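Visitor: Protein chains in written order, with the numbering used here: chain A, 1 to 196; chain B, 1 to 203.
If you're looking for bench data, these hints aren't it; they were derived computationally from the structure.
All of these numbers come straight from a predicted model, not from anything done at the bench.
Cβ atoms here follow ideal geometry from the backbone N, Cα and C, with glycine treated the same way.
Be aware that a few hints might be false.
To be verified - Which chain B residues face chain A? A few, computed with CB under 8 Å, are given here:
1. 66
2. 69
3. 71
4. 72
5. 73
6. 75
7. 76
8. 78
9. 96
10. 135
To be verified - With the C-beta cut set under 10 Å, the calculated list includes, among others, these residues of chain B facing chain A:
11. 32
12. 33
13. 34
14. 68
15. 70
16. 74
17. 113
18. 114
19. 117
20. 121
21. 182
Said to hold, decoys possible - Here are the simulated lysine-lysine pairs, PhoX-like style, with alpha carbons at most 20 Å apart:
22. B:196 <-> B:185
23. B:29 <-> B:185
24. A:193 <-> B:29
25. B:185 <-> B:121
26. B:121 <-> B:70
27. B:196 <-> B:57
28. A:191 <-> B:96
29. B:70 <-> A:191
30. A:62 <-> A:47
31. B:67 <-> A:191
32. A:193 <-> B:70
33. B:96 <-> A:193
34. B:185 <-> B:160
35. B:121 <-> B:29
36. B:121 <-> A:193
37. B:67 <-> A:193
38. B:121 <-> A:191
39. A:125 <-> B:138
40. B:195 <-> B:185
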Amino acid sequence: MAKAATIVFVGLVFVLGICVSVLLLAHAAPSTEALDADLVQVRAQIKAADEEDLKYQGGIIKALVSVRREILRRSEAMLAQKRASFLRRIDLRYIVDGKAMAPASEERLTEIASDIDKANAALSKDLAGAARYSGGVIQAMSLMAVATDHLTVAQLSLAYFGAKYGMALPIPAQDGAPGTSAQPAPGVIVKDKDAF
Amino acid sequence: MRVALFSLMLTVALMTAMFAQAAAEEEQKVAPLGLQWGMSSGQVRELGVDLKDFPGKDYGTSYTASKLPKVIADTETVVLSFGFDDRLWRIAMRSKAFTNDPYGSAVRNRYDELSNELAEKYGHGEQNHHTGEGFYAKSDNFVYALSTGNAWYYTNYTTKLLQIQLGIGAQNTSTAFYQILFESKTLRSDFEKSKKTHEKDSL
Chain A
1 MAKAATIVFV GLVFVLGICV SVLLLAHAAP STEALDADLV QVRAQIKAAD EEDLKYQGGI
61 IKALVSVRRE ILRRSEAMLA QKRASFLRRI DLRYIVDGKA MAPASEERLT EIASDIDKAN
121 AALSKDLAGA ARYSGGVIQA MSLMAVATDH LTVAQLSLAY FGAKYGMALP IPAQDGAPGT
181 SAQPAPGVIV KDKDAF
Chain B
1 MRVALFSLML TVALMTAMFA QAAAEEEQKV APLGLQWGMS SGQVRELGVD LKDFPGKDYG
61 TSYTASKLPK VIADTETVVL SFGFDDRLWR IAMRSKAFTN DPYGSAVRNR YDELSNELAE
121 KYGHGEQNHH TGEGFYAKSD NFVYALSTGN AWYYTNYTTK LLQIQLGIGA QNTSTAFYQI
181 LFESKTLRSD FEKSKKTHEK DSL
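If we strip away everything but chain A, and leave its shape as in the complex, we get (with noise of 0.2 Å):
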């Protein structure tokens, strides 16, 4: 009897340990370390454009720091939302259009880390440039350019652990490409010289 009772004992432990691994599997990346890592890269940035923003008073370089700031504080969010999940067990899933958000491939993560690359790149050499001039309306041109480059960073940035992390945006998708809007034309559409 007490034998019986030591196999089914036995064997409820190791159902019970299967369904815990599998638990634990099914919430297996991204780590929370990997999702530490990049909540400390955000925080820096968040703490440089705090920095930034005391520098000035107003005007357009401030505006644009602040909406940096915003946008870094949004991966900050989306980061620690993320994070949360996790510790809490919580199933986090996102449903954008009917369609479920699934993290992006390595292509296209690849994809947009080379902007982020080519953004970093812009912004060093508008940081090299605007070092050159001590004041004046160039330098005040200068700052701006780097102001929309450490803007333009951060939206790459968001776009980045949004795609890493499978989390919905809500930013318009855009290909990016030169186009022309889509709407209905307002007429027949015929050759321009028999239009004229």
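Given chain A, put chain B in place with the hints provided.
Guide: Chain B in isolation, oriented as in the chain A frame:
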């Protein structure tokens, strides 16, 4: 015999003059997009065109038009102005937005195409192309310069009957559009007069 010949020649000359006048009158009436200058809004609607009120009275009563008999491929909006006496005197066409193109390459290519078409029909135009100075002259700042008023890009075509302008405008730093304005000179002059009367009456 001589009298008969003279009468015949006179008749032919009169008929030729009448035909020439009829042709000239017809030419005066023909407007772009399958419309006619001087048409009333009711007559335009009879063609099956949908007219919706357009805000502003700068050109009298204006409507945005759809279901027009003819438009060019990338037209997005057409505004028809009827002045204060309900006679079509102005047609404004605006293209779809050419997005994500700070250089304005696509819109400029289209502008060049249309410029050639208009020149073929209405004669050589007078170009006014100023692409800005210094920072604004950079090719990647073309649309930005337009949007801030530091650059302009348009061509005027003038005929005996019409004043036409083809131009490029910008919505923001990387989105541009082209627009074409057609105005009947005679009807514009009538509009200016009626505008003055209208303004006097409203005082």
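Visitor: Hints broken by the structure, by number, lowest first?
Guide: Of the numbered hints, all hold.
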